[in-house]
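Here the protein sequences come in this chain order: A, R, L and B. Okay, so the first sequence: first residue is 1 according to my numbering, each after it adds one. Okay, so the second sequence: first residue is 132 according to my numbering, each after it adds one. Okay, so the third sequence: first residue is 729 according to my numbering, each after it adds one. Okay, so the fourth sequence: first residue is 1320 according to my numbering, each after it adds one.
These are calculated hints, taken from the structure and not from any lab test. Given the structure is predicted, the values throughout are model-derived calculations rather than measurements. A virtual CB, placed ideally from N, CA and C, is assigned to each residue, including glycine. Mixed in with the good hints there might be a few duds.
List of simulated lysine to aspartate or glutamate pairs, EDC-like, C-alpha gap at most 16 Å [claimed, not checked]: (1) Lys-22/A to Asp-269/R; (2) Lys-668/R to Asp-1419/B; (3) Lys-5/A to Glu-208/R; (4) Lys-11/A to Asp-399/R; (5) Lys-1204/L to Glu-1222/L.
Some residues of chain A that are not near chain R, with every Cβ distance over 10 Å (derived) [said to hold, decoys possible]: (6) Lys-11; (7) Lys-62; (8) Val-69; (9) Val-94.
The chain contents come next:
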Amino acid sequence: MEKIKSLADLKKKREALQSNLKLREQGENTESLIQVKVAMATCGIASGAKQVMETIINESNKRHIPVVVTQTGCMGYCYAEPTVEVTKPGQDPVVFGYITPQKAEELVDKYLVGNEMLDGVIPVNYEKVEQ
Amino acid sequence: MANYKYHMLVCGGTGCFASQSDQIKKNLAQIIEEKGLQNEVQVVITGCFGFCEQGPIVKMLPDNTFYVRVKPEDCRELVEEHIIKGRKVNRLLYTDPENKEHVADSKHMEFYKKQLRIALRNCGFIDPENINEYIARDGYAALASVLEINNPLATIDVIKKSGLRGRGGGGFPTGLKWEIAAKNHADQKYVVCNADEGDPGAFMDRSILEGDPHSVLEAMAINGFCIGANKGLIYIRAEYPLAIERLLIAIKQAEETGLLGKNIFGSDFSFDIELRYGAGAFVCGEETALIHSMEGERGEPTFKPPFPAQEGYLKMPTNVNNVETYANIPVIILKGWEWFSSIGTEKSKGTKVFALAGKINNVGLIEVPMGITLREVVYEIGGGIKDGKKFKAMQTGGPSGGCLTEKFLDTPIDYDNLIEAGSMMGSGGMIVMDEDDCMVAVSKFYLEFTVEESCGKCTPCRIGNKRLYELLEKITEGKGTMEDLDILKSLSKVIKDTSLCGLGQTSPNPVLSTIDNFWDEYLAHVMEKKCPAGQCKALKSYIIEPDLCIGCGACVRVCPVNAIKGEKKMPHEINQADCIKCGACIEKCKFNAILIK
Amino acid sequence: MDKIKLIIDNKEVSVPKGSTILEAAHKIGIDIPTLCHFELKDLDIHNKPGGCRICVVEVEGRRNLAPACVTECTEGMIVKTNSIRVLNARRTVLELLLSDHPADCLVCAKSCHCQLQDLAARFGVREIPFQGEQSSYQLEVSPSIIRDMNKCVMCRRCETMCNELQTVGALNAIERGFPAVVSTAFNQTLANSPCTFCGQCVAVCPVGALVEMDHTPKVIRAIADGKKTVVVQVAPAVRVALGEEFGMKPGTIVTGKLTAALKALGFNYVFDTDWSADLTIMEEGTELIDKLTRHLNGDKSVKLPLLSSCCPAWVNFFEYHFPELKDIPSTAKSPQQMFGSIAKSYFADKIGVKREDMVVVSVMPCLAKKYECARDEFKVDGNPDVDYSISTRELAALIKQANIDFKSLEDAPFDSPLGESTGAAVIFGTTGGVIEAAVRTVYEVLTKKPLPKLEFTELRGLEGVRSATIDVDGFKLNIGIAHGLSNARKLLNEIKEGKSQFHAIEVMACPGGCIDGGGQPLHHGNSEIIKARWEAIYEADRNMPIRKSHENPSIQAIYKEFLGEPCGHKSHELLHTHYFDKAKVIEVKLD
Amino acid sequence: MSVKIEISQKTRTKIEEICKSFNNEPGELINVLHKTQDYLGYLPAEVQEVVAHELKISTAKVYGVVSFYSFFTMIPKGRFPVSICMGTACYVRGAERILDEFKHLLKLGVGETGADGLFSLASLRCVGACGLAPVVLVGEKVYGRLATDDVKSIVEEYKGGGCAV
């Protein structure tokens, strides 16, 4: 194991290690975070949901957005896959359809950071998907 | 390259471990690998989550789903449903006892709502066997800053101002203790962590060591720097194999990373930590006895002064603190004494970890701010009394403590209030008793413990406690007299007043406290020869209610001494002279026809 | 020295810093009762476990009562030693002790000398309010010591003596809680343990848990048996201590009354172990001279230093703990055994009594002597050279039983011929005495010149280890002295490591030597008593007309008449012995 | 005259090794005893003699320490050591009745080992599985949330020799 020889070493190491635990730390505090659920059933995965999820995670991290990204089963909008549900604290969930990795970046930029709806991506339902 | 999207935290505390949490971890890892998800899902064994009643616990992150009473065979479903399909497995969620609804998130459980985790901040959160996770949680940053400031007295001052008091029982101000040890000059000094948690029904320290060993190591190093010691020793019970294993791993990792050993963070400060094993003697929780035990001697306490800070391990100045006390240190350094002292009551700052057990719905390990009321602990965190029975008393402080009754339900819990209420903080055992518990028998239980654990050095503890126990035995057998009750009281006071160490000075507390609060129960045993709780064997008789008995004969077959007679299909009868009161019949009777009177 | 002022029972007292409340109270005449506390300050022996809790006092500002014996005085301290709270606590503690103590005072060997009994009397205990289980341990009877651990009060004094003073390690606290007691490993017998039978544990036991094996009934029976000729010998240290048992001042020399008492008791011959002490000097001195001469002549096979061998506990000690050195000690028997050997040969012949009709009794300050006289090598056809050894305390009891008014006895002389002795012999009774006696003789024999100065004050003292260099006509004779076996151990370790510079070493097992032997009147931790005995020994020496062993006419006569030369053939047969390896053997058995 | 102590070469060598690994330091007595008991399962008198010999301390002292600490035992444990947790949490949830049942079924007292060496019975203080109270350990295996009725089946499980723990 590499030795930590100074305070600077420790800080460096800590920063490198923190990202992994961030996921857990955020989990302690889900209410104050934006929750993103990516539908990952066969239909979703086939249409590229996995890449969408990666993109959302990476882009949110880059922009330091407090977000919890999880996967979920089929939401029943197989025609609009990949679908993503976003729940902002205190707001009703919104489901977006036809998300590609490019659109995912846009989703992060516009909806997650700002509060803008996305062009070309129609919110398919305003109800909670779990029911 | 792994890019984890899910973390599955499996509780690895002794309680959950005992219910195969290691197998759960193995199964999860295997299934995840089978599904090719090993780079997306991380399975981690953590320290205790605290909610032992519901163990084994598996927590899913980032969505913070809290699965309870998980069995190894549930693992496949957890992976396939929760991870792959993103559906919560409802049957493994916690059910709120009030409204019978499933609660997925631990934050919404009554058990966790009022808790504040400082000493347990990393328990159930990080992998205790991985130093990197500790570092990621600001681990060793407190040590780094202390070394950078390079002013031991200033650091001691921070601890002093924080108001932290020893969590082992006595409640001595920690900063003051450090200061005394720092001021005694010697070539060699020692820092000792007391991990000889012997209080029956308490497992706070063990949980910290199992869940967050590095916090203790870091605090010991800080302590060493402050008092001028370069050697630390952890005196740990040999009965804690898991804690020992995790500590050894932690020490090794810290040494390999250079966070223990020579010239830590490039400073002049060097610090090593070794383990010393206890061997099953409760009295070794007393610091002088602990030191003798570490020296390979019988664990007999010696008169103080000299205090360990003057003459301790190998006759050198030694600072002894317990595990929980240490676990608070790094946070205090990082967040400041102002933050810490803003929590708690006027004279008791911060939080306290308690092992909540007994006749309570939510058995487990809790950490609450000082000043919380007993009511909140019992009825909110604890979820009330088991089987809807009536709360009778809460025993705190273990064999050194006493019972708190209903009238103290709204007393804020802190060091001084507990003493005023006739009990004490102790190391943190909280045992809840209900209407079925006989308080005379409870004090006999504690005395039996003390008698067994007395070192035998001083007369009042060696013979006095034995006599107390014998008196209680006599009373629970229905042979006690009013004079015995007088002797019980007066002898208890003398034992407290004259014993050599804390063990003897507190051992009569359970007796005095129950006499104070449950005098009528003592009287009932003595005057009426009755045990109101129906617990004392000699004072109860098993009687068959003829109206309820259908004469099935089940009790006859199970009675080990053939004390039950009766014709088939006719009400049976128990011969009281033969009955050994084993209770076998009552368990067998399907018609509730056997009563205890 | 810093002084501290405090108030005890409303009286102000000033004591040096570091004093305990017990000491401070003592200074103003307040006697706080104690039980476990035991100190011989001048000999650096301390037993202060603070365990019995009899001495508790009230200290203002303290929550609990404080044990006076270990609580140090602090400036301005206010102490109450007699409040109701204190008296009640003490009484309860005492009652607790009594509730786990056999109430067999009537037949207890310690009755009237028992500190627990004294306390019960002092507190006027009439009934014990506590009943319950009593400790029950096996009674052990060894040749020297009887252990009845049912009477143990866990004062730990014996443990301190056995481990710290003697480093013997036979006794230790075992178990914990109520069953805790001081015992041997696995409760084995003392004979199977490293015990040397020095008796220091017996000498300090406050109760009847450790007492000597009483041989007085056998002695009475022997005297009563008309067919037996009963011969008694008295060790030097007895005469300076026995008086204490009859209320006389410590250090009173009672030789004359002692002989008169023994005669009154009906012993047929009253002789003196001092006589055989002179004989020992002849043998051991000759051995030393022989070794030194050979050493000076360059004989490399000579093992030096020569170790004294008069003390049986010391012999037991090296046989068990240093068996590899068993060739070094002098082979000369102890004075007790030399006496027995001569009494049952030379003297028995002389008076025409058969060996088996003679009973030799010794009066010793020692309990190990009981064990010594029972050793097989000191028996002829199963008949021991010395039949019974009784302690100073046992003799006192015997005199009291016989209604002899000791104090008013007219002095009587020892009988002849085994009663004549010198000043050199009497100093055998204290540490440094044997070697001084030996030097007095060795010097004159070696140099053939009279001693310029008879008293070797450089060899005297009570420090645990002492050394001196004696100029023997130009030759520097290096002498080492140790008393207390922990001190002996230090010198033995030096020998083992080849670092010892000494030519001769004297060892006595008991602190101060035989004057503080395990069989002497109890001193209860008062080292003034030991000092008084010590001074009396040297006074007895000064009172003797002859003060060098080789000038004892009776000794000279026996060599001429019977033994021939010192260390000659007959001497070897009768006056020398050999030693055994008694260390535990760890044997490997086949798997 | 001298007392002989018999011990197998293997055991003796092992004890010597253990003592040596602690530099034959008397202060390490408790660590030495732990390691030795780990190896042998118990600490018979002969073993204590060898430990005393190696560390150059009195056997009485070794015995004083062994008999002080409840973790050390001079009696070999059974093949299936049954330990009943008597911590307070287990006590108030009926551990005493469980213990009585074991005593009754195994015909053993606490601290005893059966003549056939199959079972030994012990009580211990809080294993920390208070959530599972009352708790019983057979070897390392934990049985929790027990009722007296369960005792019989646990005993049966091991009676036939079971699988070694």
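Results for each hint:
1. Lys-22/A to Asp-269/R: OK: Lys-22/A and Asp-269/R at ~12 Å, within 16 Å.
2. Lys-668/R to Asp-1419/B: Since the Cα atoms of Lys-668/R and Asp-1419/B sit roughly 13 Å apart, the hinted pair holds (cutoff 16 Å).
3. Lys-5/A to Glu-208/R: violated (46 Å)
4. Lys-11/A to Asp-399/R: Status violated; Cα separation ~20 Å.
5. Lys-1204/L to Glu-1222/L: violated (20 Å)
6. Lys-11: violated (8 Å)
7. Lys-62: With a cut-off of 10 Å, Lys-62/A remains clear of chain R, as the shortest Cβ separation is near 14 Å.
8. Val-69: Per Cβ check, Val-69/A is inside 10 Å of chain R; nearest 7 Å; violated.
9. Val-94: holds (17 Å)
Of the numbered hints listed earlier, those contradicted by the structure are 3, 4, 5, 6, 8.
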